Amino acid sequence: MGKTFIRVLAFALILGASLPAGPVLGQASSEGIDDGIETEVVDTDQTISVIESVRDDQIAARIQAILKATGWYEGVQVEVQDGIVFLDGTATSSKRQDWARDLAAKTDGVVAVVNRLAVAQDTDFSIDPAISELRSLWDKTVAAAPLILLAFLILPLALFLSTGVARLARWVLKKRLGSPFLRDVTARFIALPVFLVGLYIVLQIAGLTQLAISVLGGAGVIGIVIGFAFRDIAENFLASLLLSLRQPFRRGDFVDVAGHQGIVHSMNTRSTVLVSPEGNHIQIPNAAVFKATIENFSASPSRRGSFEVGIGYDASISDVQEIILRELAEHEAISNEPEPMVLADTLGASTVIIKIYYWFNGETISPLKLKSVLIRRVMKALTDAGISMPDEAREIIFPEGVPLAPPQTPDQSTTPTAAMPKPKREPERTAIDEDLSNEVDNLEPQMQVQVEGDKNSNLLDS
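Just so we're aligned: the sequence shown equals residues 12 to 473 in the numbering used here.
In case anyone wonders, no lab produced these hints; they're calculated from the structure. Warning: the hint list may mix true and false statements.
[Stated by the list, open to error] DMTMM-like, lysine to aspartate or glutamate: derived pairs with alpha carbons at most 25 Å apart:
(1) Lys106 - Asp119
(2) Lys391 - Asp356
(3) Lys302 - Asp356
(4) Lys366 - Glu319
(5) Lys382 - Asp395
(6) Lys382 - Glu348
(7) Lys117 - Asp99
(8) Lys380 - Asp325
(9) Lys382 - Glu333
(10) Lys106 - Asp139
(11) Lys185 - Asp195
(12) Lys117 - Glu90
(13) Lys380 - Glu445
(14) Lys391 - Glu350
(15) Lys382 - Glu350
(16) Lys302 - Glu319
[Said to hold, decoys possible] Just the calculated beta-carbon pair ranges, DEER-fashion:
(17) Pro259 - Asp402: 39 to 45 Å
(18) Glu144 - Arg257: 34 to 40 Å
(19) Arg146 - Arg66: 49 to 55 Å
(20) Ala155 - Phe248: 21 to 27 Å
(21) Asp243 - Gln332: 51 to 57 Å
Note that the coordinates shown come from a computational prediction; the quantities given were computed from them, not determined experimentally. In this text, a Cβ means the ideal position worked out from N, Cα and C, and glycines have one as well.
Use the sequences and the hints to build the structure in full.
This is the structure we're talking about:
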């Protein structure tokens, strides 16, 4: 009995010397497990000894006793077979799951560990993490307060300097660039580096250079995406820049653009607005204007008009040319330089087509009114000279034949044939001859109407 007591006492002393007091092993460390509650993380670098000859049940009992003593595990079960430890149960965190594995691996007599502990999610509601983050944010804000104040000083100064540079650039470019829009864009482009230098200084002082590079890289990607999404808008904007630089027309010019004729009303960053002869506003995208063929009728006041007339084969072409040239020379609206031309153009089925070309001042004279007056005067002159102007030959088909009337006898009553009416003579002058003013002058009310998007942004204003 005395020997048994001594053995038990020795066994207790050995265990007491190999393990520290408390439910955990080794020395406490500040790293490791963090479940929202202040706990100590155990460093298990030392080897745990049971006795010199360790049995599986002793290993299992010792590991299970330690795991239960921590209070970190639920339903923990430890089974050891031939030195292999099987851990079952639930751990409150992944770090505590690893801690149990390391504990078993460092136990004397263990050759392998099968960790089957499951990690349970902590469902306890706590605002402590949020409060901790808010405190950390406040501390960072207080520490960065001097830098923030410096940024509020440098950025407005950089903006002020860039504005001054832009105004100076506009003044310098006033005589070199006629387009206000082009001057404004160029001035902004020159002033932009001044603001960027100020922004770079602020970021450099704040230590956010890498962040700025990342933001600019992300902005570049976003810019590419936006560029594809708004490709038409960007294309029209660039076209407006090029049109402002080239200036193929001005406000009030009569032009033909992409098959549309009209007076140039205005041009904004998206489209060019024309006023058609009918008084309608036509908006053409600037990209289409830049790519299309532009015919500017107002670029030169001298314009050429033409029309044609058909005469019979029995008429003399030279006589007809002389008659028409005389009529053109007598009209005060026809220019002598360049001289008008009357040319035989085509041999038709029953007529010879004569083409008449003439020049006039398109800035003050209506081409439509002048053409009407000349056609009337030429027709009158040819008719008075006895020049035949037959219609084109036509083929007439009688499906049931041509009815023939029997010859009439002298004693048959006949109805006298009505005399053919004589054609009325054309007067020398009409009301149209007295007013050949250009009809575009009547479109002034439509020119004064503001088009949406053009107010204070008409790129054609000088």
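Status of each hint after checking the structure:
no.: 1; hint: Lys106 - Asp119; in the structure: holds (22 Å)
no.: 2; hint: Lys391 - Asp356; in the structure: holds (21 Å)
no.: 3; hint: Lys302 - Asp356; in the structure: violated (34 Å)
no.: 4; hint: Lys366 - Glu319; in the structure: holds (4 Å)
no.: 5; hint: Lys382 - Asp395; in the structure: holds (20 Å)
no.: 6; hint: Lys382 - Glu348; in the structure: holds (18 Å)
no.: 7; hint: Lys117 - Asp99; in the structure: holds (18 Å)
no.: 8; hint: Lys380 - Asp325; in the structure: violated (31 Å)
no.: 9; hint: Lys382 - Glu333; in the structure: holds (19 Å)
no.: 10; hint: Lys106 - Asp139; in the structure: holds (20 Å)
no.: 11; hint: Lys185 - Asp195; in the structure: holds (10 Å)
no.: 12; hint: Lys117 - Glu90; in the structure: holds (16 Å)
no.: 13; hint: Lys380 - Glu445; in the structure: holds (10 Å)
no.: 14; hint: Lys391 - Glu350; in the structure: holds (22 Å)
no.: 15; hint: Lys382 - Glu350; in the structure: holds (16 Å)
no.: 16; hint: Lys302 - Glu319; in the structure: violated (34 Å)
no.: 17; hint: Pro259 - Asp402: 39 to 45 Å; in the structure: holds (44 Å)
no.: 18; hint: Glu144 - Arg257: 34 to 40 Å; in the structure: violated (59 Å)
no.: 19; hint: Arg146 - Arg66: 49 to 55 Å; in the structure: holds (52 Å)
no.: 20; hint: Ala155 - Phe248: 21 to 27 Å; in the structure: violated (39 Å)
no.: 21; hint: Asp243 - Gln332: 51 to 57 Å; in the structure: holds (54 Å)
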